[in-house]
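Participant: If you want the building blocks of each chain, they are given just below.
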Amino acid sequence: MLRIKGISVLALVAVAAASFGQAALADTAGKRIALSNNYAGNSWRQAMLRSWEKVTSAAVADGTVAAADAFTTAENQVTEQAAQIQNLILQGYDAIVINAASPEGLNGAVKEACDAGVTVVSFDGIVTEPCAWRIAVNFKQMGKDEVLYLADKLPDGGNLLEIRGLAGVFVDDEISAGIHEGVAETGKFTIVGSVNGNWAQDVAQKAVAGILPSLPDIVGVVTQGGDGYGAAQAIKAAGRDMPVIVMGNRQDELQWWKEQKDANGYETMSVSIAPGVSTLAFWVAQQVLDGADVPKDLTVPFLRIDQGNLEENLATTEAGGVANVEYSLEDAKTVISGAM
Amino acid sequence: MIGAIFSPRVLRGLLPPLSLAVLLISIFWLQPRTMSYFGLNLLLNLAVPIALATIAQMFILCVNELDLSIGGFVSLVACITATWVQETPLFGLLALAALIAAYAGLGALIHIRQLPSIVVTLGMSFVWLGLAVLVLPTPGGKAPDWIRSLMTLKPPMIPFPIIASVALALIVHVALMRSAGGTVLRGAGGNPAALARAGWSILRIKMTMFALAGFFGVLSGMALVGLTTSADANIALRYTLLSIAGVILGGGEFVGGRVSPIGAVIGAMTLALAGSFLSFLRLNPDWQIGAQGAILIIVLALRLLIRQAEKRR
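Chains as they are written, first to last, in my numbering: chain A, 138 to 477; chain B, 185 to 497.
No lab work stands behind these hints, which were simulated from the structure alone. Even for Gly, the Cβ is constructed at its ideal location relative to N, Cα and C. Just so you know, not all the hints are guaranteed correct.
Derived SDA-like pairs (lysine to any residue); straight-line CA-CA distance at most 20 angstroms [said to hold, decoys possible]:
1. Lys248(A) / Ser333(B)
2. Lys290(A) / Lys325(A)
3. Lys338(B) / Gly324(A)
Which stretches of chain B does chain A cover? Using the computed rule of at least three CB atoms under 8 angstroms from a CB of chain A, they are [said to hold, decoys possible]:
4. 226 to 232
5. 315 to 329
6. 418 to 432
7. 458 to 467
Here are the in silico distance ranges between beta carbons for each label pair [as the list claims (entries may be wrong)]:
8. Val303(B) / Pro267(A): 42 to 48 angstroms
9. Ala198(A) / Pro321(B): 43 to 49 angstroms
10. Leu352(A) / Ile296(B): 47 to 53 angstroms
11. Glu212(A) / Val303(B): 20 to 26 angstroms
12. Pro321(B) / Glu322(A): 24 to 30 angstroms
13. Phe307(A) / Ala493(B): 53 to 59 angstroms
14. Leu278(B) / Thr323(A): 31 to 37 angstroms
15. Ala476(A) / Phe222(B): 32 to 38 angstroms
16. Val197(A) / Val350(B): 27 to 33 angstroms
17. Arg466(B) / Gln183(A): 48 to 54 angstroms
18. Lys338(B) / Glu322(A): 49 to 55 angstroms
Whole structure, please, built from the sequences with the hints as guidance.
Facilitator: Next up, the structure:
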């Protein structure tokens, strides 16, 4: 009788342990996760760090993980970040989440981390070392989506102005490739001009003001984010009809769009990635530490704002900031199962 | 006897190793995990390319010039190593040899036209960077296997970065400080007029020193790629200032002729460790550059104090 009772107690414990494991609480409570970030000098990165702080401090408080510290290198340099990652290994972190200064230059340090048994998850600025997890953004699709939206909205087609990002950066090449692919596929548009706006409103405004006099009528402006408001100012100053400018989720862009929408029913869309992707990376690292089966390559969804949900997103975006979403453990699980 | 041990001259020589020791002990205390074969390896491996770049800079400082292009140069070498040396070894090595020759040519140009080296090398830093972008437009490439396996060597007992640094310091020390040829080379920095009058060609000496700098710059780039496994055109831009600071921290001076190879390697190690030390301290990154500067100033201030004590005698 006693024996049977003992067994049943054991079984109960086992059931309890199993259900705890599913809640992903028991296994990672003692684990420490570090964020290695290469740069913090713009609004997007600041929002990214704030999201990390907010979500991880809650996770630490409720005992999901033991620690989740953020480290940013003082200078945006590959060798410095490599040294930082090696230091994080020595500090005994169980997982390192990386926004990398270079997709290739950190591979040596990342390999050292994997060899030391540390889980490495990279996001936004991803690393190519095969042992690391990658949360990438399909920037090409983002560029293509802009053109597809315009094709839908402007069935007659016409001339487009393209504002590109920082020359020589991988993200700029990808978005631009997507835009050109979209233009070729829809066959309605001609890109009549292309300038570098460096993802900054002031640069974009100057660049657009410079090229406008040489352009025929344009029906749309395809952008990369951080440049839509500057383009609108330049076009307004030139006294031209306002084309459909695709926005990039910055607060000033959304604000301007809202004003135009209220004044004359202006319609457009806005797309970018949410800085809160850092929190998705955090949960993915937590899941890997928990022993979940996670594919090495994951794709993060864009944050797209349309005519309908503009007000709602503008209200939650602080002045000078970027529209953001923070991911939860459930979101991370959805992304992971979506990639299986 | 005790007075001799504490004489300013000895103290000045001891300052670089003592600073390194203090830093290393603080790191061991902050993070005991570093006090192991594995820990020392991780802590010091990225210091090896910095030490090589510092030695390169030391040759330039030795002849009373300054090289502001070494960071760009090391980046270019890294890009060439990760592409050409990996794909077509013979062509790659030829390209690297041509780079060393270009460095010698720079030395000749600076000497013959009496140009300020700061201006020439600052200009060349953009040339090197531009070439690096041409060789490797987007980050990538792959380290040749033999360099990779050399840099990740795990010799018994003593970690590879320590062996490499000690060997580097000793070899350059013997060649530059203890040999007749080395004395002449240093003399060209200390008193070029006297050497010229004694019949030595200052042109040839400058070309030799610049070629040596190019040679060690090449070694630095190759070592760096061996550690990172692939390259990026901006990978080593920080090395310019690190290498100058390393030479000065190790007891070298801007006046020419007064350098110390052992000190330079120790200085490079100290700078590399200073970054780790600050990160183990959990110091806010906004303060880290300032704190790194503060460490430099403290060591240099100590040196000034010692020199004043020297004068008082």
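Participant: Lysine 248(A) and serine 333(B) were given as a pair; does the straight-line alpha-carbon distance stay at or below 20 angstroms?
Facilitator: holds (14 angstroms)
Participant: Verify this for me: three or more residues of the segment 458 to 467 of chain B with a beta carbon less than 8 angstroms from a beta carbon of chain A.
Facilitator: holds (count 5)
Participant: Per the hint of 42 to 48 angstroms, is the separation of the Cβ atoms of valine 303(B) and proline 267(A) within bounds?
Facilitator: holds (45 angstroms)
Participant: Note whether the CB distance of lysine 338(B) and glutamate 322(A) lies within 49 to 55 angstroms or breaks it.
Facilitator: Check passed, 53 angstroms falls within 49 to 55 angstroms.
Participant: Honestly, do arginine 466(B) and glutamine 183(A) meet the 48 to 54 angstroms range at C-beta?
Facilitator: Taking Cβ atoms as reference, arginine 466(B) and glutamine 183(A) lie about 20 angstroms apart, which means the hint is violated.
Participant: Between lysine 338(B) and glycine 324(A), is the straight-line Cα distance small enough, at 20 angstroms or below?
Facilitator: violated (59 angstroms)
Participant: Against the range 47 to 53 angstroms, how does the distance between the Cβ atoms of leucine 352(A) and isoleucine 296(B) compare: consistent or not?
Facilitator: Once the Cβ atoms are compared, 52 angstroms apart, the range 47 to 53 angstroms for isoleucine 296(B) and leucine 352(A) holds.
Participant: Do three or more residues from the segment 226 to 232 of chain B put their C-beta atoms closer than 8 angstroms to C-beta atoms of chain A?
Facilitator: holds (count 4)
Participant: For a C-alpha distance cap of 20 angstroms, please report whether lysine 290(A) and lysine 325(A) respect it.
Facilitator: With Cα atoms ~12 angstroms apart, lysine 290(A) and lysine 325(A) stay inside 20 angstroms; holds.
Participant: Just to be sure I understand the hint, the distance between the Cβ atoms of valine 197(A) and valine 350(B) should be within 27 to 33 angstroms; is that true here?
Facilitator: At roughly 43 angstroms between Cβ atoms, valine 350(B) and valine 197(A) fall outside 27 to 33 angstroms, so the hint is violated.
Participant: With 32 to 38 angstroms as the target window, see if alanine 476(A) and phenylalanine 222(B) comply at their CB atoms.
Facilitator: Between alanine 476(A) and phenylalanine 222(B), where Cβ atoms are some 34 angstroms apart, the hint holds.
Participant: Confirm or reject the coverage of the segment 418 to 432 of chain B by chain A under the rule of 3 or more residues with a beta carbon closer than 8 angstroms to the chain's beta carbons.
Facilitator: That given contact holds, which follows from 6 residues of the segment 418 to 432 of chain B lying within Cβ reach (below 8 angstroms) of chain A.
In this structure, the earlier hints numbered 3, 14, 16 and 17 are contradicted, and the remaining ones agree with it.
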